[in-house]
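Novice: From first to last, the protein sequence lines stand for chains A and B. Quick note on the numbering used here: the first sequence kicks off at 33 and runs consecutively. Quick note on the numbering used here: the second sequence kicks off at 33 and runs consecutively.
One or more of the hints may lead you astray.
Copies of the same chain look alike in the list, so a pair counts if it fits in one copy or across any two.
Taking lysine to aspartate or glutamate and the EDC-like style, the derived pairs with C-alpha atoms no more than 20 Å apart in a straight line are [unchecked claim]: (1) 232 - 191; (2) 114 - 295; (3) 114 - 229; (4) 161 - 132; (5) 110 - 229.
Note that these hints are calculated values from the structure, not bench results. Small disclaimer: the values here were computed from a predicted structure and weren't measured.
There are 2 protein chains.
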Amino acid sequence: MIQRQTGPVSTSANVLSVDAMGGDKGPATVVAGLSKFLAATPDAHALLHGPKAELDPLVAAHHLAGRVTVHDASDVVKMSDKPSHVLRHGKKTSMWSAIDAVRDGQAAVCVSCGNTGGLMALSMLRLRKAEGVNRPAIACLWPSRNPAGFNVMLDAGADIRADQDDLLTYALMGASYARNGLDIARPRVGLLNVGTEEHKGRAELKVAHELIARAAEKGEFDYIGFVEGGDLPSNKVDVIVTDGFTGNVALKTGEGTASLVGELLRGAMMGNPLSMLGALLARGSLRRLRKRIDPRRVNGGVFLGLNQTVIKSHGSADATGVAAALHLAYRLAQTGFSDKLAARVASAATLAQDQGQDNAAETGSNKTGD
Amino acid sequence: MIQRQTGPVSTSANVLSVDAMGGDKGPATVVAGLSKFLAATPDAHALLHGPKAELDPLVAAHHLAGRVTVHDASDVVKMSDKPSHVLRHGKKTSMWSAIDAVRDGQAAVCVSCGNTGGLMALSMLRLRKAEGVNRPAIACLWPSRNPAGFNVMLDAGADIRADQDDLLTYALMGASYARNGLDIARPRVGLLNVGTEEHKGRAELKVAHELIARAAEKGEFDYIGFVEGGDLPSNKVDVIVTDGFTGNVALKTGEGTASLVGELLRGAMMGNPLSMLGALLARGSLRRLRKRIDPRRVNGGVFLGLNQTVIKSHGSADATGVAAALHLAYRLAQTGFSDKLAARVASAATLAQDQGQDNAAETGSNKTGD
Chain A
33 MIQRQTGPVS TSANVLSVDA MGGDKGPATV VAGLSKFLAA TPDAHALLHG
83 PKAELDPLVA AHHLAGRVTV HDASDVVKMS DKPSHVLRHG KKTSMWSAID
133 AVRDGQAAVC VSCGNTGGLM ALSMLRLRKA EGVNRPAIAC LWPSRNPAGF
183 NVMLDAGADI RADQDDLLTY ALMGASYARN GLDIARPRVG LLNVGTEEHK
233 GRAELKVAHE LIARAAEKGE FDYIGFVEGG DLPSNKVDVI VTDGFTGNVA
283 LKTGEGTASL VGELLRGAMM GNPLSMLGAL LARGSLRRLR KRIDPRRVNG
333 GVFLGLNQTV IKSHGSADAT GVAAALHLAY RLAQTGFSDK LAARVASAAT
383 LAQDQGQDNA AETGSNKTGD
Chain B
33 MIQRQTGPVS TSANVLSVDA MGGDKGPATV VAGLSKFLAA TPDAHALLHG
83 PKAELDPLVA AHHLAGRVTV HDASDVVKMS DKPSHVLRHG KKTSMWSAID
133 AVRDGQAAVC VSCGNTGGLM ALSMLRLRKA EGVNRPAIAC LWPSRNPAGF
183 NVMLDAGADI RADQDDLLTY ALMGASYARN GLDIARPRVG LLNVGTEEHK
233 GRAELKVAHE LIARAAEKGE FDYIGFVEGG DLPSNKVDVI VTDGFTGNVA
283 LKTGEGTASL VGELLRGAMM GNPLSMLGAL LARGSLRRLR KRIDPRRVNG
333 GVFLGLNQTV IKSHGSADAT GVAAALHLAY RLAQTGFSDK LAARVASAAT
383 LAQDQGQDNA AETGSNKTGD
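One chain only, chain A, in its complex shape:
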């Protein structure tokens, strides 16, 4: 079985494991993003996985020799590879190598632009699910009206199913992520449904509603009950819990809508000379707005529920997007997030057993303030 690297974390907490391959734009973009990140983060170091012959010149061109160690891996997981194929034939891929560096305690967090299904399958195989987790989840950040600027939504598509116990685990993991990734001391957790009335929704949602409400106190979050799709960007909730099918559709719908509105806005402003002049005058403000809702800023789906943390960067991410994912990874590495999360979910089973009991003697590992 997996030995969780609680010892080496202090030495590897500054080291990220980066899969250079698998992104739509190739390793040059990943290395450019890595260069940006390293320039802004003097203490960080990276292990870069991929064909050495291809990566060495890129590392040299960015003058990263002292900050980046290349791990040679000849094969690449393609976007079209099925997860089962990756598991069977992926041993020599850069993705496998990047995950194993985290497994072996050489790095704190793994980042890859590779195909999501393959990355999740390999991560589960090599890092194993954390104790108490049945279905790992992908957490994404959602631009919102919150002071933090973002909400957390999970599962964004790791698994197309989630039962009531999975949804409870997602609530605990999402709250822990919001604390460590977004600095929200006591996250507000909501359960996504088609209405906020208690009688609405699928059967497993009604049960999960009860389970999460009862876990809130010990889980150190506030449960605000059912939320709707319109609440995703709201400031009434920090963590939105849903199954991976619904979450994935919602995420892509939100992205698609924002992109349509942006496109229509550009079209409208370029429609006549007067509004073109207006756009010119307002260009500073429009640029700030674009930055605020730029999907590259929220790049990085975090795999939760494994013994270590893996971050999926968008396949089409450019250097800015890759750098954003690396910054997020570094932040989570620095806070020792993997260990904190594992402690949280390990206590979930205990939580479930304790529910309804008033066990005053409870001083479990969920009191670590993570």
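Based on these hints, arrange chain B on the given structure of chain A.
Specialist: Then chain B, alone, in the frame of chain A:
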């Protein structure tokens, strides 16, 4: 059993049945919207349902005496009423009266701002499901890059479940609605999933994928396969088929995202004097943009799969929104949509039986060009 009013359609096709009550803004707003609609549509007539003492002065104030007939109904379905309550105690409500006017052939289409669950339950009780339909659906319009400006998505929330046969029925109904409501001769139909690869998604989606593909030729639509959330506003698809849980979340997520972006845009433009001047210069273009994505323009969820057509107007619709729903209702009334749809879905059962057979003698009711 219900007698479908094929005879009186020609006389009632100009008549809409309007529930004056149940909207958040009260009957004054509904009558104001009705007045707008009637001013633009000289041949139309309306039956208006609600407390006569309240409605008569409103009708008089808008000088609609010759165009509107008030049907007295003392009770109102409240937003908080559960569907079961409405079914048991709703007999004297304006909603019941509005639906029955369509059932009795006095009007072609019913429009209500009242609570969705109650309206669907009453519609199913009084109008009955059309032959071949297991689960009726709500179809909504989605602002898109299409030439028509809109895509159709269903189910937007009539039922939180849908099996493979329901999804096939939704495809047929959605295609018929796109033909009649949006004038798209040969709609492109897509099935919402978490990826476009054939091996992805829930089991019922894979079966529905096969069923819809095989029904496309006789259903006179093009099946483009799986689509993702990001495709909802795209120009690659006209009709998006999904279950009511996913559809409802997607709809509200899209609305919430558009509203967040709009809010951030206003904030950005008002942020400094230069951009305020810019906004002033561009205000014509920005106004057109706002109109283009105005949710009021797409107001009107159409209940599909009943023997007659009911349109749910948004509870918070203002007069413009109510008028939009009435225009949509009138358009569907004029095209004889209810009968055409019933013929379509009645042939669905035949379609399913015929699938895989090359029955050259087939000259069923699905050849009516609707």
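Novice: Next step is simple, just say for each hint if it's right about the structure.
Specialist: Verification of the hints:
1. Taking CA atoms no more than 20 Å apart as the test, residue 232 paired with residue 191 passes between copies only; the shortest distance there is 11 Å, against 23 Å inside one copy.
2. Proximity of residue 114 and residue 295 under a CA criterion of 20 Å is satisfied in neither setting, with 33 Å inside one chain copy and 41 Å between copies.
3. For the identical chains of this complex, residue 114 and residue 229 are inter-copy neighbours only, at 10 Å across copies versus 40 Å inside a copy, given an alpha-carbon limit of 20 Å.
4. Taking the shortest Cα distances, residue 161 and residue 132 sit within 20 Å of each other inside one copy (15 Å), while across copies they are farther apart (57 Å).
5. Taking the shortest Cα distances, residue 110 and residue 229 sit within 20 Å of each other only across copies (14 Å), while inside one copy they are farther apart (44 Å).
Hint 2 alone, counting from the list given before, is not met by this structure.
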